Amino acid sequence: MRRLTPYLLALPSWMWLAIFLVVPMVAMASVSLQTGNAIDGYAMTFSFSNYGDAIGRYSTQLLRSLLYGGLATLAMLVIGYPVAYWIAFKGGTRKSMYLFLLLLPFFVSFVLRTISWNFLLSDNGILLGTLKGWGLLPADFHVLATTFAVIGGLTYNFLPFMILPIYVALERVDPRVVEAAQDLYATRAAAFRRVVLPLSLPGVFAGVLMTFVPATADPINAAILGGTSNTMIGNIIQTEYLTNLDYPTASALSFTLMAVLLVGIFVYARALGTENVLEAAAR
Amino acid sequence: MNPLMRGMTQPRTRRDVFRLAGFSAAGLALAACGVQGQKAAPPKADAVADYWAKQRKNGKVVFANWPEYMPEDKGPLEKFKQDTGIAYEYKEVIQENAEFFGKADPVLRAGQPLGYDIVVMTNGIQLQHMIELGYAVPLDHAKLPNFQANAGQKYKERAYDPGNKYTVPYTSGVTGIAYNTELVKEEITSIESLFDPKYKGKVGMMADAQEIANFGMIALGVDPEKSSEADWRKAGEKLKAQRDAGIVRKYYDQSYIDAVAKGDVYLTMAWSGDVFQRQLAGEPVKFVVPAEGGTIWTDNMLIPKGAANPVDALMLMDYLYQPAIAAELDEYIQYVTPVPAVQDLLREKAKTAKGEDKKALEDMVDSPLMFPSESDYAKLRNYTPLTTQQEQVFNPIFQSITQA
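Just so you know, the protein sequences line up as chains P and L, in that order.
No gaps in the numbering here: position 102 of the first sequence is 102 in the working numbering, and each next residue is one more.
No gaps in the numbering here: position 176 of the second sequence is 176 in the working numbering, and each next residue is one more.
Because the hints were derived from the structure by calculation, they are not lab data.
Incorrect hints may appear among the rest.
[Claimed, not checked] Using C-beta positions, here's what the derived DEER-type ranges look like:
1) L:363 <-> P:16: 54 to 62 Å
2) P:79 <-> L:359: 23 to 31 Å
3) P:129 <-> L:357: 31 to 39 Å
4) L:192 <-> P:44: 44 to 52 Å
5) P:119 <-> L:353: 54 to 62 Å
6) P:133 <-> L:162: 52 to 60 Å
7) P:21 <-> L:59: 40 to 48 Å
8) L:190 <-> P:52: 42 to 50 Å
9) L:404 <-> P:174: 50 to 58 Å
What you are looking at is a predicted structure, and each value in this text was computed from that prediction instead of being measured.
Glycine included, C-beta positions come from ideal geometry on N, C-alpha and C.
Using the sequences and the hints, build the whole thing.
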């Protein structure tokens with residue numbers, strides 16, 4: 001009995017995983033191989049060609065999503081790292097307040113925050129309208145309905161998920177190791193490059209993981225901020241599932257996206273020299 | 001790091017990962033489960049009579065509807081409660097037909113009740129699915145005396161539900177063009193304005209496949225209701241050329257109305273009632289039915305399969321067809337009412353009203369958007385009726401444009 005105890009204690013979490021992760025995934029895998037239509041129903045035919053068809057039809061949107069997700073992640077890294085660095089090393093006693101301020105906008109719903117961009121950045125709105133009034137921008141300049149708006153929206157919406165893990169990693173860097181580096185005649189830049197940055201890499205890794213994945217799959221920003229050719233794969237999956245009731249195509253696309261992301265993450269982990277992906281993500 | 005955190009975040013070994021994969025593979029074998037089809041045979045007349053004979057009034061009804069489709073004081077529902085003693089729950093849960101159907105379908109497919117006694121859906125693909133899949137309870141017309149007496153003839157003869165077997169109209173509206181009167185310096189009359197390179201990047205089109213298809217076909221002089229696959233492809237080419245020329249700024253959902261009111265787009269496809277409400281609020285927008293034609297659609301009430309209170313639901317549906325109640329409703333929602341007598345009632349009311357109210361009521365009574373004349377109706381087309389097979393051809397043609 002005693003030997004079984006740890007397993008019994010772990011049972012709820014295994015049940016959780018089984019019910020809410022494994023079962024839906026298996027069901028989705030099954031649906032992705034079925035054929036039929038919404039009215040007559042779908043039957044299992046092990047139709048692996050569903051994948052080829054779906055990828056063939058939507059390769060543009062799939063690649064675009066990876067590109068947008070990647071660019072947004074890069075932008076978040078460039079913006080987020082200095083913020084995390086500043087809060088961790090210069091935040092002093094007000095660190096928690098800064099973190100709270102960072103998270104404050106996220107008490108508002110995701111969709112509402114994105115729609116408010118629509119209001120702020122409207123062609124003749126408070127920002128662009130004013131700049132146009134001063135003659136700083138040409139009259140037909142616009143931000144909404146462009147690629148820039150979509151990537152900007154993604155960057156804004158997922159930024160805290162980049163900053164927080166980096167902050168946690170930087171926070172744990174012992175200031176004395178930096179001092180030690182400087183005692184050994186390292187310049188401030190060298191101390192950063194050879195001591196602080198490597199120590200913060202697990203945070204960067206976790207941040208990239210936590211932002212790249214949802215940003216690539218996100219349908220909201222493209223729908224609200226995008227124009228005529230900014231459709232992302234999330235929008236396609238949503239349309240296939242809810243509008244066309246084409247469950248097999250929607251499932252096949254979801255799996256494809258998941259596979260592409262997983263492969264991407266493992267390649268990235270290798271490139272960063274992280275031995276164990278999950279370990280890095282967990283730290 | 002405290003021990004608890006460490007435990008939760010401990011690295012998993014490669015073996016664990018393989019073990020997980022093993023579980024999944026076992027599960028895969030289990031789950032060769034299909035999605036059941038439910039195509040319904042048309043109900044037999046006595047089965048319908050039997051169904052209704054078994055139902056009793058329960059004193060309660062749950063009404064699921066679209067936003068801004070009921071006066072804020074819920075006047076018509078309150079009166080219904082007083083007159084019949086039936087308590088109501090009113091829920092504004094329907095924002096979009098496809099999304100609503102997409103959510104309702106798995107529930108109804110599993111034979112579970114949706115929790116609503118009346119739902120309102122636009123004629124179109126999803127409503128057709130509701131009927132085809134047997135998700136709509138056939139109505140007992142013996143219990144719909146007000147509908148028989150007061151509904152306009154047009155609303156009793158609808159191609160998508162002949163004889164009102166499953167649905168009765170809630171309200172109708174027109175899809176046409178809205179434009180911002182401060183930014184557009186001409187009088188818009190033609191659908192060709194939506195394709196005019198002059199408005200490059202300033203035109204809004206709708207994302208909905210049926211709506212945009214209709215406008216492509218009308219621009220080509222094709223009646224959507226009588227269209228063929230060849231017409232759809234031609235319309236698709238026209239709409240694709242419009243997109244590729246950079247004329248379209250965006251394919252909109254309901255948010256088109258804000259975009260045109262703010263001036264992000266100069267002109268856009270639009271729904272009549274939305275524009276009319278904004279106009280009364282003083283915003284610089286105007287609605288026109290293009291000379292080539294617009295489309296008319298109808299939002300319909302139906303009783304979903306498994307509804308707990310069908311008798312109460314039917315009573316409420318019929319109650320809304322009393323002219324006085326229909327007038328109260330239409331004065332607020334400002335779309336086209338299926339009860340023609342409303343126009344005279346509002347005219348009477350305008351006579352005794354004062355100031356701004358009087359002006360607003362007079363505007364409504366004279367508006368072709370609320371009370372289209374015969375010649376207005378003659379310009380209005382119906383949606384393309386689609387079978388499931390046709391839909392699988394139709395949707396990709398237009399979605400490949402709106403979701404490129």
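The hints, checked one at a time:
Separated by about 59 Å at the C-beta atoms, residue 363 of chain L and residue 16 of chain P satisfy the suggested range of 54 to 62 Å. The given range of 23 to 31 Å is broken by residue 79 of chain P and residue 359 of chain L, whose C-beta atoms sit roughly 53 Å from each other. At roughly 34 Å, the beta-carbon separation of residue 129 of chain P and residue 357 of chain L lies within the given 31 to 39 Å, and the hint holds. In this structure, residue 192 of chain L and residue 44 of chain P meet the distance hint of 44 to 52 Å, their C-beta atoms being roughly 50 Å apart.
Range check, residue 119 of chain P to residue 353 of chain L: Cβ separation about 35 Å, and the 54 to 62 Å hint is violated. The hinted range of 52 to 60 Å is satisfied by residue 133 of chain P and residue 162 of chain L, whose Cβ atoms lie roughly 58 Å apart. Our hint of 40 to 48 Å for residue 21 of chain P and residue 59 of chain L holds, since their Cβ atoms are close to 44 Å apart. At about 44 Å, the beta-carbon gap between residue 190 of chain L and residue 52 of chain P stays in the expected band of 42 to 50 Å.
Here the CB-CB span from residue 404 of chain L to residue 174 of chain P is close to 52 Å, well matched to the stated 50 to 58 Å.
In summary, the structure is inconsistent with hints 2 and 5 from the numbered list given earlier, while agreeing with the others.
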